[in-house]
Every structure is written in structure tokens, then in C-alpha cells.
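Undergrad: Read off the chains here:
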Amino acid sequence: MNTLKNKVALITGSARGLGKAIAERYAALGADIVINYSKDKVSADEVLSNIIAMGVKVIAVQADVSKVADLERLFAEAKKAFGKIDIIVANAGIEMVEVPVTDFTEEQFDRVFSINTKGAYFTLQQAARNVEDNGRIIYVASSTTSYPVPGMAVYGGSKTTPRYLVDILSKEIGHRGVTVNTIIPFAVDHSGIFAKADSYPALRKQLLDSCPMGRLAEVVDVANVAEFFASDLSSFVNGQHLLVNGGATN
Amino acid sequence: MSTLNEKVILVTGASRGIGAAIAHKLAKAGAKVAVNYAGGKEAAEQTVDEIKQNGGEAIAVQADVSKADEVKRLFDAVITHYGRVDVLVNNAGIMVTKLLKDTTDEDFTRQFDINVRGTFNTMREAATRLADRGSVINFSTSVNRIMLPGYSTYVATKAAVEQLTRVFSKEVGGRGINVNSVSPGPTNTELFTKGKPQEAIDRLASLSAFNRIGEPEDIAKVVLFLASDEAKWITAQNIGINGGMA
Numbered sequence: 001m002n003t004l005k006n007k008v009a010l011i012t013g014s015a016r017g018l019g020k021a022i023a024e025r026y027a028a029l030g031a032d033i034v035i036n037y038s039k040d041k042v043s044a045d046e047v048l049s050n051i052i053a054m055g056v057k058v059i060a061v062q063a064d065v066s067k068v069a070d071l072e073r074l075f076a077e078a079k080k081a082f083g084k085i086d087i088i089v090a091n092a093g094i095e096m097v098e099v100p101v102t103d104f105t106e107e108q109f110d111r112v113f114s115i116n117t118k119g120a121y122f123t124l125q126q127a128a129r130n131v132e133d134n135g136r137i138i139y140v141a142s143s144t145t146s147y148p149v150p151g152m153a154v155y156g157g158s159k160t161t162p163r164y165l166v167d168i169l170s171k172e173i174g175h176r177g178v179t180v181n182t183i184i185p186f187a188v189d190h191s192g193i194f195a196k197a198d199s200y201p202a203l204r205k206q207l208l209d210s211c212p213m214g215r216l217a218e219v220v221d222v223a224n225v226a227e228f229f230a231s232d233l234s235s236f237v238n239g240q241h242l243l244v245n246g247g248a249t250n
Numbered sequence: 001m002s003t004l005n006e007k008v009i010l011v012t013g014a015s016r017g018i019g020a021a022i023a024h025k026l027a028k029a030g031a032k033v034a035v036n037y038a039g040g041k042e043a044a045e046q047t048v049d050e051i052k053q054n055g056g057e058a059i060a061v062q063a064d065v066s067k068a069d070e071v072k073r074l075f076d077a078v079i080t081h082y083g084r085v086d087v088l089v090n091n092a093g094i095m096v097t098k099l100l101k102d103t104t105d106e107d108f109t110r111q112f113d114i115n116v117r118g119t120f121n122t123m124r125e126a127a128t129r130l131a132d133r134g135s136v137i138n139f140s141t142s143v144n145r146i147m148l149p150g151y152s153t154y155v156a157t158k159a160a161v162e163q164l165t166r167v168f169s170k171e172v173g174g175r176g177i178n179v180n181s182v183s184p185g186p187t188n189t190e191l192f193t194k195g196k197p198q199e200a201i202d203r204l205a206s207l208s209a210f211n212r213i214g215e216p217e218d219i220a221k222v223v224l225f226l227a228s229d230e231a232k233w234i235t236a237q238n239i240g241i242n243g244g245m246a
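So the protein sequences, as listed, match chains W and A. When we follow the working numbering, the leftmost residue of the first sequence carries the number 1, and every step to the right adds one. When we follow the working numbering, the leftmost residue of the second sequence carries the number 1, and every step to the right adds one.
Possibly wrong hints are sitting among the right ones.
SDA-like cross-link-like pairs, simulated, lysine to any residue; straight-line CA separation at most 25 angstroms [as the list claims (entries may be wrong)]:
hint : chain 1 : residue 1 : chain 2 : residue 2
1    : A       : 232       : W       : 153
2    : A       : 232       : W       : 148
3    : A       : 52        : A       : 113
4    : W       : 171       : A       : 133
5    : W       : 5         : W       : 83
6    : W       : 205       : A       : 28
7    : A       : 232       : W       : 118
8    : A       : 170       : W       : 147
9    : A       : 170       : W       : 202
10   : A       : 72        : A       : 102
11   : A       : 232       : A       : 148
12   : A       : 232       : W       : 67
13   : A       : 170       : W       : 232
14   : W       : 171       : A       : 145
15   : A       : 232       : W       : 195
16   : A       : 28        : A       : 38
17   : W       : 118       : W       : 108
18   : W       : 5         : A       : 217
19   : A       : 232       : W       : 106
20   : W       : 67        : W       : 5
21   : W       : 205       : A       : 52
22   : W       : 39        : W       : 5
Label pairs and their in silico Cβ distance ranges [as the list claims (entries may be wrong)]:
hint : chain 1 : residue 1 : chain 2 : residue 2 : range
23   : A       : 196       : W       : 206       : 46 to 52 angstroms
24   : W       : 129       : A       : 53        : 55 to 61 angstroms
25   : W       : 52        : A       : 53        : 52 to 58 angstroms
26   : W       : 172       : A       : 148       : 41 to 47 angstroms
27   : A       : 6         : W       : 52        : 46 to 52 angstroms
Bear in mind the hints are in silico, worked out from the structure with no lab data behind them. These numbers come from a predicted model, not from an experiment. Ideal placement from N, C-alpha and C gives every residue a C-beta, glycine not left out.
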């Protein structure tokens, strides 16, 4: 029922994981796609061929979201290729878990905040400047911003700040019919830090035990909600932060 | 993609307003809809007739949700007719807006009976009678977040609904049932606009980022999403549908 035909969607960090799943979902719904990657050109090219096979138009643009000049180039190339951008998903980010407050370093802090916080802030600024009227802006946070987990002070903090920008931007830009919302995913299985089944066993068990549905998220669970926020069904949903976590309390 | 594949959906208080818009939207997406009403028999039958004229499937079932035996009969009737209930939409509710000092015992009791006890009654039946992998969608309000004078008892009932939603989601998650609530802001229904001066409506509209109040269709679209398989990983959540008002 949902269609994104004649829409252009730009998804940061879409060579792998959640970003890839969202890009491929939007393409399946008919949108033309701007893939973004920082370093992993091989994976980005794979997503590119997957999406070409779906019969929509697609480009892949290298850009490091922690550099404003890169972001300006990313949005400029998207505009040049497609003439407009209707949907922006600020998804790019890095994870850092199981590092207690006593242990994190200045270098770790700067790296996580420059990609997750500065990157999201300037991605959303570019989005606000470039999005079409009645467009959609979506920020992908993390459930640790709602349920703090030990060892995630830096990561969770870096993902919390852009939620505040979503609150403000939704009010500043609403008059143009644009909605701005946050997806807050639970830990995603088979992706990121949980790409391998045996990675972080203690954290995996703690998260599983807190979830009534008895599993971690899959990328498809998050793509489903990204579809909702991009679609006409969410036309009056603005400035909201939606947990996608199977009812988990951790 | 948000098609409901013949799910059986019970919408309480669906003869008019937001409930009727939900019934229409869900039926159009392929659901079989039970249109519950308490007193508005004619309006409920008209909603059912319109759904059928548009090629949809629906029945009207009378029951006062504040009465446990009537809710049991409501589930009996839907299950007898359609064989099961997959989704419960607890839309039935009333709103009394008065300063707390002017609110009567009866105002208090009626709102709690319909809004809280009604949601409790239907969820108690749903706990054992809703199909596995079903969904429950409850109704809260965005007024919970902005504290308008005159809404004290109404928002108190809706705060209770949000808590029932969160705890019930943990109790039925094992059967794959997800339980969520939605919080509409001011919405263009007769119930809301009747007797309100235009400037009062304009003032509320100005609180939204889009400078308008919601339409019943805006609410129905989000209920459609929550009733669909795309939303199965969302549970225990509350979604504001208010154009960014809160």
C-alpha cells in the first residue's frame, strides 16, 4: 500500500546494517536512492547493484559525516543527480559498548562524538536546508538513550544529543509540511557489534532477558518503521521518538 | 506493506468521529471490521453500510465497554461471526472539560468507567481471546503532555490507560501480541469542535508545527500502521499524533 514512487531518499551510512536495510526497503517501494558510505566501498557497491536490480535510480557517494565539507558535497551530488531530496535518514554512526566511565579516553570520546553527534547535527542541518516541502527527516538513535546500560556512557550520550535537535527542528520546519522524527532501535542482531553470534555474550544475554519478545531486533524490524516514517501514514506524526524494541526494558 | 490480509479487527466506539474513520481505513486495507457502539445504533449501521458499499466487510455490535458482561458478549459476537479477533482498537472514550473545582462525582465516575474500566474490560477479554500474534491499540491523548486547564480528570484517565498499556504488553508479549497507545492532539471531530468558538480552535491549531488541528484520517493512518505486521516489533510504546504540538 505504501509507495515512494517519484521520491528521492538519502540514507547516511547505508553500505551495511540498518542503513542498507532502509535503503533497500525504500528502493523496493519505488524511491530513487542516494547511498552514502565512509570507507567500505566494496559493501556500498554491493548495495548499489542490489538497488539497480530493483529498477530504480541510485548513486553511491563517499562522504565522512564527521566532516561538514563532505556532507555539503554529499547533498550537492544528490541534488545534482536527482534534482531534489524528499527523505533524509541520518543513520551513520559507530558503536562503543562495554567501556566503563572510568576507562574511556579522550580519543575515544572525540571519535564517537564527531561521528555520532557532530555528524548527525550537520546531517540534519543539511537535511533542513535541502529537503523538499512535505518531506521527511528521520534520525536513527539507540534504545540506550531511553534505557541507559552500563558501559555505554559515551555511545549513549552521543546518540542522545541529536534527539534534542529533532525536537527543535520539528518545530522550526513544520510550517513547510516536513516531519522530523526519531527511530530508537533496540540492539540489532546479525549487524554491527552483534554481527557475529558469539560477540558480547554478557551484553546479549542482559538485553535478551529484558525483552518480552525474547529476541534482539532484526534490521527488517527497523526498516518497517523507517517505511512508516517515510510514508503518507505518518503525515501528522512530528517531533516523536519511537522505540522499536519489542517492549524491552534494557 | 500495511495491508491487513483479512485480519479481524474490533474497533470500540466506532459509530462516529475518529472511530468511524479508523473502521473505514482498516476495512479499505483488507480487514474485517467489528464496529462497536454503545448508543449510536443508526450511525454504526451507516458506517457498516458505507464500508460494504466500498467493497469492505464489517458488522455492527452494540456493547457498553464499561460493563464487563457486555464486553464478554461483544467478543462472543465477533468470534461467532468472524471466527477470531486479531486486533483490538480501544477507541471508545468520553471527555469532560471542566475546571477541577467544578467537576462532579458523576463526571469523574463516567470518565473513569468508560475510558479506564472500558479499556481494562476489553484487554481482560483480549488476554485469553485475542489471537496469537495479535495487536492491541489503546487511546491516550497529547493533552497528557501539555497540561491544559480543564482537562484534569480526562488526562488522569488517559495516564491510567498508558500504564495499563505498558504493563499488559509485558504480560502478553510471549504470545507475540504487541500493545501500544496513540495520543491524538486536538482532532477535527464533531465531539471536539461542537460548542467551541473558532478562535479557541485556531489557538490550539497554532500549537501544531503545521498550524492546523488533526483530521480523523491522520489518526486512522497511524492505527493502520500499528495494526499491520510492519509494527510487530513495536510494543509498550506511545505515539503522539499531533503535528509536533507535544
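Undergrad: Against each hint, give a clear statement of whether it holds in the structure.
TA: Now the hints, each set against the structure:
Of the pairs offered as hints, the one joining residue 232 of chain A and residue 153 of chain W is violated, with about 29 angstroms between alpha carbons and a cut-off of 25 angstroms exceeded. Between residue 232 of chain A and residue 148 of chain W the CA atoms are separated by roughly 24 angstroms; this keeps the pair inside 25 angstroms, and the hint holds. Taking the CA atoms of residue 52 of chain A and residue 113 of chain A, the gap is about 32 angstroms. The hint is violated against a cut of 25 angstroms. Under the criterion of a C-alpha separation no larger than 25 angstroms, the hint pairing residue 171 of chain W with residue 133 of chain A is inconsistent with the structure, at around 36 angstroms.
Straight-line distance between C-alpha atoms of residue 5 of chain W and residue 83 of chain W comes to about 15 angstroms, which keeps the hinted pair within the 25 angstroms bound. The hinted pair formed by residue 205 of chain W and residue 28 of chain A fails the criterion: a straight-line CA distance of about 42 angstroms is larger than 25 angstroms. About 32 angstroms separates the Cα atoms of residue 232 of chain A and residue 118 of chain W, which puts this hinted pair outside 25 angstroms; it is violated. Distance hint between residue 170 of chain A and residue 147 of chain W is fulfilled; the C-alpha atoms sit about 16 angstroms from each other, no more than 25 angstroms.
Proposed proximity of residue 170 of chain A and residue 202 of chain W is supported: the alpha carbons are some 23 angstroms apart, at most 25 angstroms. Of the pairs offered as hints, the one joining residue 72 of chain A and residue 102 of chain A is violated, with about 35 angstroms between alpha carbons and a cut-off of 25 angstroms exceeded. This hinted pair does not check out: residue 232 of chain A and residue 148 of chain A have alpha carbons roughly 33 angstroms apart, beyond 25 angstroms. With a C-alpha separation of about 37 angstroms, the suggested pairing of residue 232 of chain A with residue 67 of chain W is violated against the 25 angstroms cut-off.
For a cut-off of 25 angstroms, the pair hint linking residue 170 of chain A to residue 232 of chain W is broken: about 30 angstroms separates their Cα positions. A threshold of 25 angstroms between alpha carbons decides the hint, and for residue 171 of chain W with residue 145 of chain A the separation of about 16 angstroms falls inside it, so the pair holds. Of the supplied pair hints, the one linking residue 232 of chain A and residue 195 of chain W holds, its CA atoms being roughly 22 angstroms apart against a limit of 25 angstroms. For a cut-off of 25 angstroms, the pair hint linking residue 28 of chain A to residue 38 of chain A stands: about 24 angstroms separates their Cα positions.
A C-alpha spacing of about 14 angstroms is found between residue 118 of chain W and residue 108 of chain W, which places the hinted pair at or below 25 angstroms, so the restraint holds. For the proposed pair residue 5 of chain W and residue 217 of chain A, the alpha carbon gap of about 22 angstroms is at most 25 angstroms, so the pair holds. As the CA atoms of residue 232 of chain A and residue 106 of chain W are separated by approximately 40 angstroms, the hinted pair breaks the 25 angstroms bound. A threshold of 25 angstroms between alpha carbons decides the hint, and for residue 67 of chain W with residue 5 of chain W the separation of about 31 angstroms lies outside it, so the pair is violated.
The suggested pairing of residue 205 of chain W with residue 52 of chain A is violated, with an alpha-carbon distance near 50 angstroms, which exceeds 25 angstroms. Pair hint residue 39 of chain W plus residue 5 of chain W does not hold up; C-alpha atoms about 30 angstroms apart against a cutoff of 25 angstroms. Checking the proposed 46 to 52 angstroms range against residue 196 of chain A and residue 206 of chain W shows it holds: the Cβ atoms sit about 50 angstroms from each other. Take residue 129 of chain W and residue 53 of chain A: their Cβ atoms lie about 47 angstroms apart, and the range 55 to 61 angstroms is violated.
Residue 52 of chain W and residue 53 of chain A have their C-beta atoms about 44 angstroms apart, which leaves the hinted 52 to 58 angstroms range violated. For residue 172 of chain W paired with residue 148 of chain A, a C-beta distance near 24 angstroms fails the hint of 41 to 47 angstroms. Judged by the Cβ atoms, the range 46 to 52 angstroms given for residue 6 of chain A and residue 52 of chain W is violated: they are separated by roughly 35 angstroms.
Checked against the numbered hints above, the structure breaks hints 1, 3, 4, 6, 7, 10, 11, 12, 13, 19, 20, 21, 22, 24, 25, 26, 27 and satisfies the rest.
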